[in-house]
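**Q** What follows is each chain in one-letter form.
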Amino acid sequence: MTTEPLLIFGEIAEGDRLPTLGYDVTATTVVLGALATRDWRPMHHDKDFAVNRNGTRDIFLNTPNQAAWFERYITDWTGPHGRLGRVTFRMKGSVFPGDTMSFDAVVDGVGVDETGCGWVDVDVTLSVDGDVKTTCQAHVAIPVDPSDNPWARRGDRWKP
Amino acid sequence: MSKLETAGDEGDTGDEGDAGGIGGTGEVPADVRALIGVEQYPEEGDFPVERGYIWTSCASVENGNPLFWDDDVAAELTEGPIAPPSMLSVWFRPHHWAPARTADHLPLKVHFDLKERFGLPEAVMTDNTIVFYEPVRPGDRIHTRQVLRSVSEEKTTRLGTGRFWVIDVEYANQSDLIVGVESYTGFGYRRSGSGS
Chain A
658 MTTEPLLIFG EIAEGDRLPT LGYDVTATTV VLGALATRDW RPMHHDKDFA
708 VNRNGTRDIF LNTPNQAAWF ERYITDWTGP HGRLGRVTFR MKGSVFPGDT
758 MSFDAVVDGV GVDETGCGWV DVDVTLSVDG DVKTTCQAHV AIPVDPSDNP
808 WARRGDRWKP
Chain B
810 MSKLETAGDE GDTGDEGDAG GIGGTGEVPA DVRALIGVEQ YPEEGDFPVE
860 RGYIWTSCAS VENGNPLFWD DDVAAELTEG PIAPPSMLSV WFRPHHWAPA
910 RTADHLPLKV HFDLKERFGL PEAVMTDNTI VFYEPVRPGD RIHTRQVLRS
960 VSEEKTTRLG TGRFWVIDVE YANQSDLIVG VESYTGFGYR RSGSGS
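One line per chain: the protein sequences are A and B, in this order.
Under my numbering, the first residue of the first sequence carries the number 658, and numbering increases by one thereafter.
Under my numbering, the first residue of the second sequence carries the number 810, and numbering increases by one thereafter.
Just so you know, these hints were derived from the structure itself, not from any lab.
Please read these numbers as outputs of a predicted model, since none were measured by experiment.
Do not rely on the hints blindly, as some may be mistaken.
Not the full set, but computed from the structure, chain B residues with beta-carbon under 7 Å of chain A [what the hints assert, rightly or not]: (1) 869; (2) 870; (3) 885; (4) 899; (5) 902; (6) 937; (7) 941; (8) 983; (9) 984.
Anything over 10 Å on all C-beta distances counts as not near chain A; from chain B, calculated [as the list claims (entries may be wrong)]: (10) 837; (11) 846; (12) 871; (13) 873; (14) 904; (15) 912; (16) 936; (17) 943; (18) 954; (19) 961; (20) 969; (21) 999; (22) 1001.
Heads up, simulated DSSO-like pairs for lysine-lysine below, C-alpha to C-alpha not over 27 Å straight-line [unchecked claim]: (23) B/918 with A/749; (24) A/704 with A/749; (25) A/749 with B/924.
C-beta: ideal position from N, C-alpha, C; glycine also.
Can you build the whole structure from these sequences, using the hints too?
**A** Given below as structure tokens:
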């Protein structure tokens, strides 16, 4: 059985908006995310430490796990053929239990490189109540036609 | 401290990346210039890349990408199972405990070396870029090294006076193929009004 691409390069245009993903963060979200990234620092699992030592209002989502959230959000849109080439994060604030995360994104560039690889640039924001907590600029390879597979690219044919 | 210690992890420390900085004194000393482009602190991961941790990561963010859950899709698209690219740095964080562990883990040691060298007590990471190359696969043994790419002259931002630097952390597999490069922009500084 052949897996058809969910999204083809020609279907995407600058200015397109990705569907919003909302997620209610709990203490479990934060602790599970910290352990999944082997981040044992107490401010990601010990509320007493976070409040009394870090001066934050609660434990908070760690950065490597936010990277995993951004990847999930982007590949929910692209499907399994979408291949991340480059991501840039900027951290502006923390995400706590009780927050509802909102992931939103807009396509801010599309292009085909000299190897024939189709690239889409998306600006993603993670916000809580309209307050941007983290931004992620992602450069993602998308199949240029139904027979294309960016994952098959190696060496000089992969220029992220 | 994790290698991904960031502004976000330290709370709202300001959006200094936009601050740009003013002034420009204090040339980069020769001993620091000599380190630019040099591979430092090579390290081998403690354990091979494993599927259990891939599923733990996917579960933590409810990532249902069939590449990581359906072996037929993985065989067709990626010639077998791979790890989510965003897990790149996970393979380098040690378990909380290991028997007879003696070597210190040195995440982003170059960053702390620069803080010490310039006597800058505070630091934030302003940007973190990751570029992905060869996919990481279960069973891979990943090794890493740190490379200082640049150091600025002294600059003053809203946070204080100090220097920006860019450090690359390069990750390669057992065949020495680069699987990814993380670039960190750090700003080491002294708060305004504090002595040196």
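**Q** Check each numbered hint from earlier against the structure, then list the numbers of those it violates in ascending order.
**A** 8, 9, 12, 13, 14, 16 and 17
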